[in-house]
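Student: Here is what each chain is made of, one letter per residue.
There are 4 protein chains.
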Amino acid sequence: MAPRVGFIGLGTMGTGMARNLAKAGFPLTVATRTPGKAQAFARELGGEVAAAETPEEVARRSDVIVSCLPDSPEVEEVHLGTRGTVRGASANTVVVDCSTIDPDAARTIARRLAESGAAFLDAPVSGGQKGAIEGTLTFFVGGEAAALESARPVLSAMGKRITHLGPSGAGQLGKAVNQILVAGTLVAVSEGISFAQKSGLPLPALHEALMGGAASSWMLDVLGKKMIARDFAPAFAIKHQQKDLAILLKAARAIGAPLPGAALAHQLLSALEAQGRGEDGTQALLTLYERMVQPA
Amino acid sequence: MAPRVGFIGLGTMGTGMARNLAKAGFPLTVATRTPGKAQAFARELGGEVAAAETPEEVARRSDVIVSCLPDSPEVEEVHLGTRGTVRGASANTVVVDCSTIDPDAARTIARRLAESGAAFLDAPVSGGQKGAIEGTLTFFVGGEAAALESARPVLSAMGKRITHLGPSGAGQLGKAVNQILVAGTLVAVSEGISFAQKSGLPLPALHEALMGGAASSWMLDVLGKKMIARDFAPAFAIKHQQKDLAILLKAARAIGAPLPGAALAHQLLSALEAQGRGEDGTQALLTLYERMVQPA
Amino acid sequence: MAPRVGFIGLGTMGTGMARNLAKAGFPLTVATRTPGKAQAFARELGGEVAAAETPEEVARRSDVIVSCLPDSPEVEEVHLGTRGTVRGASANTVVVDCSTIDPDAARTIARRLAESGAAFLDAPVSGGQKGAIEGTLTFFVGGEAAALESARPVLSAMGKRITHLGPSGAGQLGKAVNQILVAGTLVAVSEGISFAQKSGLPLPALHEALMGGAASSWMLDVLGKKMIARDFAPAFAIKHQQKDLAILLKAARAIGAPLPGAALAHQLLSALEAQGRGEDGTQALLTLYERMVQPA
Amino acid sequence: MAPRVGFIGLGTMGTGMARNLAKAGFPLTVATRTPGKAQAFARELGGEVAAAETPEEVARRSDVIVSCLPDSPEVEEVHLGTRGTVRGASANTVVVDCSTIDPDAARTIARRLAESGAAFLDAPVSGGQKGAIEGTLTFFVGGEAAALESARPVLSAMGKRITHLGPSGAGQLGKAVNQILVAGTLVAVSEGISFAQKSGLPLPALHEALMGGAASSWMLDVLGKKMIARDFAPAFAIKHQQKDLAILLKAARAIGAPLPGAALAHQLLSALEAQGRGEDGTQALLTLYERMVQPA
Numbered sequence: 011m012a013p014r015v016g017f018i019g020l021g022t023m024g025t026g027m028a029r030n031l032a033k034a035g036f037p038l039t040v041a042t043r044t045p046g047k048a049q050a051f052a053r054e055l056g057g058e059v060a061a062a063e064t065p066e067e068v069a070r071r072s073d074v075i076v077s078c079l080p081d082s083p084e085v086e087e088v089h090l091g092t093r094g095t096v097r098g099a100s101a102n103t104v105v106v107d108c109s110t111i112d113p114d115a116a117r118t119i120a121r122r123l124a125e126s127g128a129a130f131l132d133a134p135v136s137g138g139q140k141g142a143i144e145g146t147l148t149f150f151v152g153g154e155a156a157a158l159e160s161a162r163p164v165l166s167a168m169g170k171r172i173t174h175l176g177p178s179g180a181g182q183l184g185k186a187v188n189q190i191l192v193a194g195t196l197v198a199v200s201e202g203i204s205f206a207q208k209s210g211l212p213l214p215a216l217h218e219a220l221m222g223g224a225a226s227s228w229m230l231d232v233l234g235k236k237m238i239a240r241d242f243a244p245a246f247a248i249k250h251q252q253k254d255l256a257i258l259l260k261a262a263r264a265i266g267a268p269l270p271g272a273a274l275a276h277q278l279l280s281a282l283e284a285q286g287r288g289e290d291g292t293q294a295l296l297t298l299y300e301r302m303v304q305p306a
Numbered sequence: 011m012a013p014r015v016g017f018i019g020l021g022t023m024g025t026g027m028a029r030n031l032a033k034a035g036f037p038l039t040v041a042t043r044t045p046g047k048a049q050a051f052a053r054e055l056g057g058e059v060a061a062a063e064t065p066e067e068v069a070r071r072s073d074v075i076v077s078c079l080p081d082s083p084e085v086e087e088v089h090l091g092t093r094g095t096v097r098g099a100s101a102n103t104v105v106v107d108c109s110t111i112d113p114d115a116a117r118t119i120a121r122r123l124a125e126s127g128a129a130f131l132d133a134p135v136s137g138g139q140k141g142a143i144e145g146t147l148t149f150f151v152g153g154e155a156a157a158l159e160s161a162r163p164v165l166s167a168m169g170k171r172i173t174h175l176g177p178s179g180a181g182q183l184g185k186a187v188n189q190i191l192v193a194g195t196l197v198a199v200s201e202g203i204s205f206a207q208k209s210g211l212p213l214p215a216l217h218e219a220l221m222g223g224a225a226s227s228w229m230l231d232v233l234g235k236k237m238i239a240r241d242f243a244p245a246f247a248i249k250h251q252q253k254d255l256a257i258l259l260k261a262a263r264a265i266g267a268p269l270p271g272a273a274l275a276h277q278l279l280s281a282l283e284a285q286g287r288g289e290d291g292t293q294a295l296l297t298l299y300e301r302m303v304q305p306a
Numbered sequence: 011m012a013p014r015v016g017f018i019g020l021g022t023m024g025t026g027m028a029r030n031l032a033k034a035g036f037p038l039t040v041a042t043r044t045p046g047k048a049q050a051f052a053r054e055l056g057g058e059v060a061a062a063e064t065p066e067e068v069a070r071r072s073d074v075i076v077s078c079l080p081d082s083p084e085v086e087e088v089h090l091g092t093r094g095t096v097r098g099a100s101a102n103t104v105v106v107d108c109s110t111i112d113p114d115a116a117r118t119i120a121r122r123l124a125e126s127g128a129a130f131l132d133a134p135v136s137g138g139q140k141g142a143i144e145g146t147l148t149f150f151v152g153g154e155a156a157a158l159e160s161a162r163p164v165l166s167a168m169g170k171r172i173t174h175l176g177p178s179g180a181g182q183l184g185k186a187v188n189q190i191l192v193a194g195t196l197v198a199v200s201e202g203i204s205f206a207q208k209s210g211l212p213l214p215a216l217h218e219a220l221m222g223g224a225a226s227s228w229m230l231d232v233l234g235k236k237m238i239a240r241d242f243a244p245a246f247a248i249k250h251q252q253k254d255l256a257i258l259l260k261a262a263r264a265i266g267a268p269l270p271g272a273a274l275a276h277q278l279l280s281a282l283e284a285q286g287r288g289e290d291g292t293q294a295l296l297t298l299y300e301r302m303v304q305p306a
Numbered sequence: 011m012a013p014r015v016g017f018i019g020l021g022t023m024g025t026g027m028a029r030n031l032a033k034a035g036f037p038l039t040v041a042t043r044t045p046g047k048a049q050a051f052a053r054e055l056g057g058e059v060a061a062a063e064t065p066e067e068v069a070r071r072s073d074v075i076v077s078c079l080p081d082s083p084e085v086e087e088v089h090l091g092t093r094g095t096v097r098g099a100s101a102n103t104v105v106v107d108c109s110t111i112d113p114d115a116a117r118t119i120a121r122r123l124a125e126s127g128a129a130f131l132d133a134p135v136s137g138g139q140k141g142a143i144e145g146t147l148t149f150f151v152g153g154e155a156a157a158l159e160s161a162r163p164v165l166s167a168m169g170k171r172i173t174h175l176g177p178s179g180a181g182q183l184g185k186a187v188n189q190i191l192v193a194g195t196l197v198a199v200s201e202g203i204s205f206a207q208k209s210g211l212p213l214p215a216l217h218e219a220l221m222g223g224a225a226s227s228w229m230l231d232v233l234g235k236k237m238i239a240r241d242f243a244p245a246f247a248i249k250h251q252q253k254d255l256a257i258l259l260k261a262a263r264a265i266g267a268p269l270p271g272a273a274l275a276h277q278l279l280s281a282l283e284a285q286g287r288g289e290d291g292t293q294a295l296l297t298l299y300e301r302m303v304q305p306a
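Chains as they are written, first to last, in this note's numbering: chain X, 11 to 306; chain S, 11 to 306; chain B, 11 to 306; chain Z, 11 to 306.
Heads up, a few of these hints could be off.
The list treats identical chains as interchangeable, and a pair is accepted whether it falls inside one copy or across any two copies.
To be verified - Heads up, simulated EDC-like pairs for lysine to aspartate or glutamate below, C-alpha to C-alpha not over 16 Å straight-line:
#1 Lys-170 to Glu-218
#2 Lys-208 to Glu-283
#3 Lys-47 to Glu-289
#4 Lys-260 to Glu-283
#5 Lys-253 to Asp-81
#6 Lys-236 to Glu-218
#7 Lys-260 to Asp-241
#8 Lys-208 to Glu-300
#9 Lys-253 to Glu-125
#10 Lys-47 to Glu-63
#11 Lys-140 to Asp-81
#12 Lys-33 to Glu-144
#13 Lys-260 to Asp-231
#14 Lys-236 to Glu-54
Hints in this document: simulated from the structure, not taken from any laboratory.
Whenever a hint applies, use it, and build me the whole structure from the sequences.
Tutor: Right, here's the structure in full:
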């Protein structure tokens, strides 16, 4: 029998993910921190989709609970707060948090839920809003393998790749690796394209040539094209990249992994935040390189 | 009628390239700086492949001359020296240099050859030894479009992509962009994998997950796998990457394009050179990150 | 009449500071988080030095309270906790915290104490243990000017320079500037001396020459000499520098000040922490540069 | 008897230095690359100051020859060119070059002059135009100790500190250490002051407090004050710092000393060069930090 699924957090990512769960036929109970948003969603989708007032209530009605929230404080509140899922969870509940948060916070939540018998998986995603809508997310999963097996049908409705990386926190660490790569490649792409501009090279022809070899990357392909088109709308917003970099740089110091390249990316992007461009896509980093050299 | 082709420099890259020219049926005259090497190559291939003693002699016998050499001094010697191609070139000769050298040096050589009526294309390649052997190189081309059209059949026998980027020097600038991207992505991949190691994550599973999304790149795919397998044999040697970075950082200052990320890569790789690992593949950068944190 | 002074936190810095207060003749009540430490200190000094069990008790007996603690959580506990100074403070109490903490934490504590009528100054220091013992500290002060005037005689007994920099938090921001300078200069000194070593230059003669001109700094003078003598005992421990850098990089992002140089210092020092050398003096950064280039 | 002195290069530094030699009573023969400049100088000073047409002529008339020139090509031309000092030098001549050039170039010139029996000292200076005028320069000297003893009275007339650091090239390496320190401290000072600005701190009061402790440096003292006063006139021009950094980064790679901090300084300053501010003083680096965060 299909597990009853709870979903908490209908933001940029969560909305698409919850829709895919409903589409897959899971009985679904949703809750949101913003009052009324869950109710509107339930009304819109109808069928077996219901709204709950609190995470606690979601927990009472669900076998697998998925949350997708901005940062650690919200995740802690939703799961460990006075109306948190921990109050309504039972020994069979599996809680899957898809937020990108501090690995230590993930471990703490796992420990606290375990005291109530519930299992917790940290399962941050990559793939962006597009992947959330299309159901093609990648899940980086930390926690008990048995819990992942229980939750797997649910995750499979939202993504195409589910990778178990180890105990609690390992999902967050895996996502951190993803963000280290993304941030470093972003700097490389921004430097390459700003150098090409200053050199007066024909950007589209060059881009095509570069994509044929060792310089190619998803970032060059997708964000490089946006840079050339001067489209700075967010695929992934600077402020989100910066939140993730702040988390991972703290984790890196704790595990003993120096990251001078990622730290450089964090500092350069902080200049764009200071300019008031935190909502722009990360490809706007190109404009910082342009600005640095504009004649005085 | 097929142009008569000259080839100068039978090193790591040149040997495969010259073989592909012979295979394509061009009448071929080869020369090398190392005495006897060209003769041995001609004997081995036979047919329409002949050896010459000097670049000047190559020039007298060829319509299109291709050179593939270590750095600017060798390219200058081969083309402008006392037995250089400039002495044997005629008004119809097209000289194509595939070495990665300073854009200014490329412009100087072009100017000097133009005084003899010959055309010069700077056409550095990407694709490595593998691409040279398989005839799948990418050419970044600077110089006159008409000269490129004359040389195109020759280049097509050695590569799958030929991109004209502008006047003399533009090929070198395009290759510089390629190397900026490669160097920056290398730092990102090294940081990601060293962080993953310190986190105790299962590297092959993580690698596969990362390749599915925004973190993916040729460098993560090919060099990331080598890092995980601890295979530090050169696909591209650190000393070559460093030569290219030194050239491009000088060019970047001249054109006014600051590159803090590429400069960081250059400094980190210089530590490996100092260790005596300049012949290793660039993926050995991972070991610097490991070494930095080994317990005292 | 001399104000009654309270002192909380008898660590590396606090012990010397409290002794100077006793020596200056202030009636002194001390408390420590470690049970018994305050009592032992009071017994040792005798005279008008007494021990209290809790910060609350210190507050009841003091006009000016000085605290010197490791980090924000301890400062918050001591002042805002259930036995915090806020419980014993009156409308005339001035609380001076000399710890280096997050500027936001300082502002929060000031606001909470203000609700009880008490004034709060954030007054982090520079000068190290030596300055604490000798009474030659520099105080970077944030908070109300009137409160500073009340506390000035107390601070004057512990330091030679008291600089008022603005409202609550400004003292922490001023100390952050100090730490940015210290960290960046440390990198410069480490790079200079490791370059000199690899060059085979006579270090003491070179050091003397460098101190005569634009390259001179306190860091080169004091830590440069220790590097040359290979004395890595802590004047200022790496772990403390790292705590301060983590705080200031977070603050820098919040106020919009990118710091690529300070971020580089933070990453390099994190490699030494990962090696297990967090207790060493910051001058041990030299050894990271040495290690990076040792032959494989 | 006082040695006859030759001086070649009456630029920003050389003019003051040559004046001090004349003032000290040395018979002086001057030459310049700019025609007429040496003659005007000789006329102005009169007495035992004469002008020569070529470096060769200077060499014929001098026991100790001092040169102070922009970069390696000029130094090579003046000493090794067809009218270079090498043509006029004898077995007793000591050539002292005070330019900041590549250590390898210094070694080459020393070797070539040694073939004529003449001794060569590389003796780059620190102290700036002010030190040149006031005769308070520091000399970093490489070459034979005996040659330095012959030249010491001459150098003493121009500087207050003469440090022998080893064989040919050692003076340049010592100057490189000076420039590593200066560049790294410049980044630190720029970051500290831009952070202070964004924090709204009172800069003069903060500056004074910082100068009292571990954050203090010549750069903070002199250039920090200029930054606060927004005086960007050159004490030391960005283009000169950049020339020196390019030389030393090349030398660092050759000797095996990675310098990520100095490389960062070089990249940031290259942005100012690209803006057209190469003639400004290095303290203008502050404006790059300001520009990076100005609202879009």
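Student: The structure should be examined with respect to each hint, and the outcome stated for every one.
Tutor: Status of each hint after checking the structure:
Taking the closest pair of Cα atoms, Lys-170 and Glu-218 come within 16 Å of each other only across two copies (12 Å); inside a single copy the shortest separation is 28 Å, beyond that limit. For the homomeric pair Lys-208 and Glu-283, the shortest alpha-carbon distance between copies (14 Å) is at most 16 Å, but the shortest distance inside one copy (24 Å) is not. Taking CA atoms no more than 16 Å apart as the test, Lys-47 paired with Glu-289 passes in neither setting, with 23 Å inside one copy and 51 Å between copies. For the identical chains of this complex, Lys-260 and Glu-283 are inter-copy neighbours only, at 13 Å across copies versus 19 Å inside a copy, given an alpha-carbon limit of 16 Å.
Proximity of Lys-253 and Asp-81 under a CA criterion of 16 Å is satisfied intra-copy only: 8 Å inside one chain copy versus 23 Å between copies. Taking CA atoms no more than 16 Å apart as the test, Lys-236 paired with Glu-218 passes inside one copy only; the shortest distance there is 14 Å, against 26 Å between copies. For the identical chains of this complex, Lys-260 and Asp-241 are neighbours neither inside a copy (32 Å) nor across copies (29 Å), given an alpha-carbon limit of 16 Å. Only within a single protomer do Lys-208 and Glu-300 lie at most 16 Å apart by alpha-carbon distance; the minimum there is 9 Å, versus 22 Å between protomers.
In this homomeric assembly, Lys-253 and Glu-125 never come within 16 Å of each other (Cα to Cα): the closest approach is 30 Å inside a single copy and 33 Å across copies. Taking CA atoms no more than 16 Å apart as the test, Lys-47 paired with Glu-63 passes inside one copy only; the shortest distance there is 10 Å, against 51 Å between copies. Neither within a single protomer nor between protomers do Lys-140 and Asp-81 lie at most 16 Å apart by alpha-carbon distance, with minima of 20 Å and 42 Å respectively. When the C-alpha separation of Lys-33 and Glu-144 is checked against a cutoff of 16 Å, the pair qualifies only within one copy, where the shortest distance is 12 Å, while the shortest distance between copies is 48 Å.
In this homomeric assembly, Lys-260 and Asp-231 never come within 16 Å of each other (Cα to Cα): the closest approach is 30 Å inside a single copy and 27 Å across copies. In this assembly of identical chains, the alpha carbons of Lys-236 and Glu-54 never lie at most 16 Å apart, being 34 Å within a copy and 50 Å across copies at closest.
In summary, the structure is inconsistent with hints 3, 7, 9, 11, 13, 14 from the numbered list given earlier, while agreeing with the others.
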